[in-house]
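Chains D and Y, in that order, are what the protein sequence lines are. So the first sequence is numbered by this note's numbering: it starts at 319 and just counts up by one. So the second sequence is numbered by this note's numbering: it starts at 23 and just counts up by one.
Note that these hints are calculated values from the structure, not bench results. The structure presented is a predicted model; accordingly, all values stated were derived computationally and were not measured. Some hints could be false.
Pairs of lysine-lysine, DSS-like flavour, derived with a Cα cap of 27 Å [to be verified]:
| id | chain 1 | residue 1 | chain 2 | residue 2 |
| --- | --- | --- | --- | --- |
| 1 | D | K806 | D | K792 |
| 2 | Y | K289 | D | K369 |
| 3 | Y | K166 | D | K676 |
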Amino acid sequence: MTIVNDAVDAVIVGLGWTGSIMSIELAKAGLKVRALESGPERTNAEHVYPKPADQLGYSVRQKVFAKASKAALTVRHDRSQTALPTRRWGAFKPGDGVGGAGVHWTAVLIRPTPTDLKLKTFADQAYKPGQLQDDLQIQDFPVSYDELEPHFDFFEKVCGASGATGNLRGQIQPGGDPFEGPRSNPYPMPPLQDTLNTTMFAGVAKKMGYHPFPNPSAAVSGPWTNPYGVQLAPCNYCGFCSDYFCLNYSKASPQTTILDAVKRMPNFSYRTDSHVIRVDLHDDRKTAKGVTYIDDKGQEVFQPANIVILASFQFNNVRLMLQSGIGAPYDPATGEGVVGRNYAFLSNGNATLFFKDKNFNPFVSAGPTGQMINDFSPGTFDAAPFGFIGGAKLHSSQAGGAPIGMSLPAGTPSWGAGWKKGIKDWYGHSMKISITTTCMSYRDNYLDLDPTYKDPYGQPLLRMTFDWKQNELKLQQFLRDKVLAIVKELGPDSYTESFLKPDAHWDTTSYISTHNVGGAVMGDTPKDSAINKYLQSWDVHNVFVPGGNAFPQNFQANPTDMLGALSYYSVKAITEQYIKKPGPLVAA
Amino acid sequence: MKYTSFAAGAVLAASVFYALPAHAQQPDADTAQIAKGAYLARAGDCVACHTAPGGKPFAGGLVIDSDVGRIVSTNITPDRNHGIGAYTEAQFSAALRDGIRSDGAHLYPAMPYSSYSNVTDEDVHALYAYFMKGVAPAADVPAKTVLHFPFSQRWGMVLWNAAFADTRRFQPDPKASAEFNRGAYLVEGLGHCGSCHTPRGIAMQENGSDASSASFLTGGELNGWPVPSLRGSTAASKGFVTWSEAEIVDYLGTGRNAHAAVGGEMKPAVEHSLSYLTDPDLRAIAIYLKGIAARTASTTATAGKTAATTAKLSAARDLTPGERLYLDNCNACHFVGGQGAARVFPSLDGASIVNAESPTGLIRTILGGAATPSTSRSPSILPMPGFAYRLSDQEVADLASFVRSGWTNQATAVTASQVGTIRATLGAH
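Bound-form chain D, shown alone (with noise of 0.2 Å):
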């Protein structure tokens, strides 16, 4: 027997970054707002100092990550096998419960540039035919930067946005990134202090002609107070961020950015432990009229509601729209279909350099802490002679120094009395130099509901099919090449390197990031998109799907930013276009 509650005006999948901001914003225009969030409750009373500065308890053994035995997709490197389960989180990991992924993220806080959401314009440009491989999907976002840009300034507003300012309305400041887009005004907060490392790494860096500039963060430099009122406390550096609920009320979460003002407001609610399994449509299929979902109790209820936010991580997101029947699933053998396609990731790769007589003191850090440059970004040097398109940023950053896992010098034992030795000599000599990549989008790299595993809610797992293409390949190489002059430069006594050789597969067990995109990319028109520029779906109009999945391929930024963008974009519309004449923003 189904439960039915009350009507709601709008229906909040997920309360993580995205669901948060549309939640405060749709119930400040006065809708009736209830958000579903299918983990636990998660509260800074809960975290507070100093429990979360526990490694093996949270970063080890995961605690504010998502389960696996719930939240599991099967991965295949392509069509011809047959995808696995995961079980344990290797590559990537999600989050769940309230605050999402923004509780355990790094909070590193950077705009991509107007190259960056215009590539193929940029690719036909700079890249003669047949120099790029043909299986590439890329495409422009349908948004341009200067649309975007007072919703990034907003975003950066709620945060507190920590970093020096590189090109103020068209000005180049000294500090900044020469390379970023303009910016309406300079950040919030000043950016972190530095350490060491990124010191040695911004003085070689500048020596050889690049130009470095602080990590831009959301953990925030000095105590900050949003437009929302609700506040965040200055970064103490205390070395638990990636992986961890800040002790500390400084690292921008929807918890210390959104959550204690929109929980005031009489015309919001919300229910924890609370699984949609599909947006229901009605007969016509051109609207929903709500979602199902499983409750705490193992219940199913219906939630009605006249506009339905998928606001989940960007593969649930894909996964509840192949479910509920929202757009043509993608099939990569004939290119038809939108709701899966273009799913793309990110690659990484480092030097660690290893000085006997310097103490790098790793465990005062922020997560942001570091320097970075972005000399090697699409669009701030020519990648055509090279065979590839895509660039990085290319950074020294020191994210803590919690000690399991540590680096150490090649030939030092991984376990026992000679790897004790290792971690006692080398504990905080080490710094790392490092490329967070673009990626690509492929026509055989995409996601579809897997035909052999389901969940505990008996709903077919999504399956995950990617790997790495020869144009990623070709960018690792020729960004070892950068790294390792910069590692010269900086004369180690020693060190290792980490990137992919030229015949590599992608190795789902080790960690890259959580910077999965695509799946249900915004686009122009129906034929290559699942949601139009305002993240509304082409084929159900009342159902907007802000997150990564909108991502047509990966930039080298990190996403948040541009997800709070996206969604401030999009929440705009709905308020002042939508809720007055409900219907398709863009014309198909």
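Based on these hints, arrange chain Y on the given structure of chain D.
Positioned in the frame of chain D, the structure of chain Y alone reads:
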């Protein structure tokens, strides 16, 4: 199963009005009086005592265990049989301002009628409109108040009133500004600040009801929490009396400011009452309080002492147990300078709770933690953890003793037995 079909246009357009209060659409004199009364009821914080935890608003039932016995608040909803629905405005006024129930019996001064006596006729009229028409009636019957002898004799309140009650209406000071007078009206009247901030005498009476009394609002202790003086006559010129008008407004309106965060018994006062006041009323209160503060000389220059504590904690060598405990437990937020961070982490240097003669409030906060209230101006609930689970009585004593003597602070040391006594009371909850 069938659901109502999608009619987005009509439904959405209608629901956008959801958040608008009903009276916004049909303003009239009655509605304005009710709204005014609701605001004044906030200023009087009636809800704080007249609502049981989790109970219906104003339906009474809150139990206050005091030295004189168990006081239970009454139902003041407009229910005719169980509340005050049958009260005339004159009877309402007599209860509010003179402490006399509709049946002629005397109220106990847990009801601050000595302060409410200042309320003007006009404001009584608005409050009456609100309690009759703006509050939902509830038929709840709270338990009876049971006091020890001789307080159990209600007739005795005649004598008490004759000796201690001040039933005069508010008289503005013609020489003072309108803002000062508005502040005085709120503080001495509906705000009944003296209930906590003015020390009480032998018969539980407040020693002074306005600024003409030297002990009015000079603080003391309440339910184990130190109550700071609002008039600057404590030993050290620290805490509240050093704040600017703007800082007082910020504190009262949001529960936090550049120096402090509200805790103890003041937290609900901010949460349920003061945070609802308008900026001009909060400013009036600040102007009045600044105006009646005694001008004590500031303590001797202590910049050197602050620098010494900061330097010692920064170097972290040859630490006392208290200093080490501070670095390991407190420094992450309050920092080596003890200054915390504006509006998020209270300053420990110069804080009145730290420097209070009695360390009980500080000990309770270390053991049990604290959290800022969520207010419309500042929604963030920022918790400080309690350390009872990880620090022994001796450790808390060492830590509190250090905090009370570090930087510019000058207060007596704390003993493990003081901590143990308070830990026992917290454990009982």
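Okay, the hints, checked on the actual structure:
1. D/K806 x D/K792: The given pair, whose Cα atoms are some 21 Å apart, holds under the 27 Å limit.
2. Y/K289 x D/K369: With Cα atoms ~25 Å apart, Y/K289 and D/K369 stay inside 27 Å; holds.
3. Y/K166 x D/K676: Answer violated: Y/K166 to D/K676 is near 73 Å, above 27 Å.
In terms of the numbered hints stated before, the structure departs from hint 3 and from no other.
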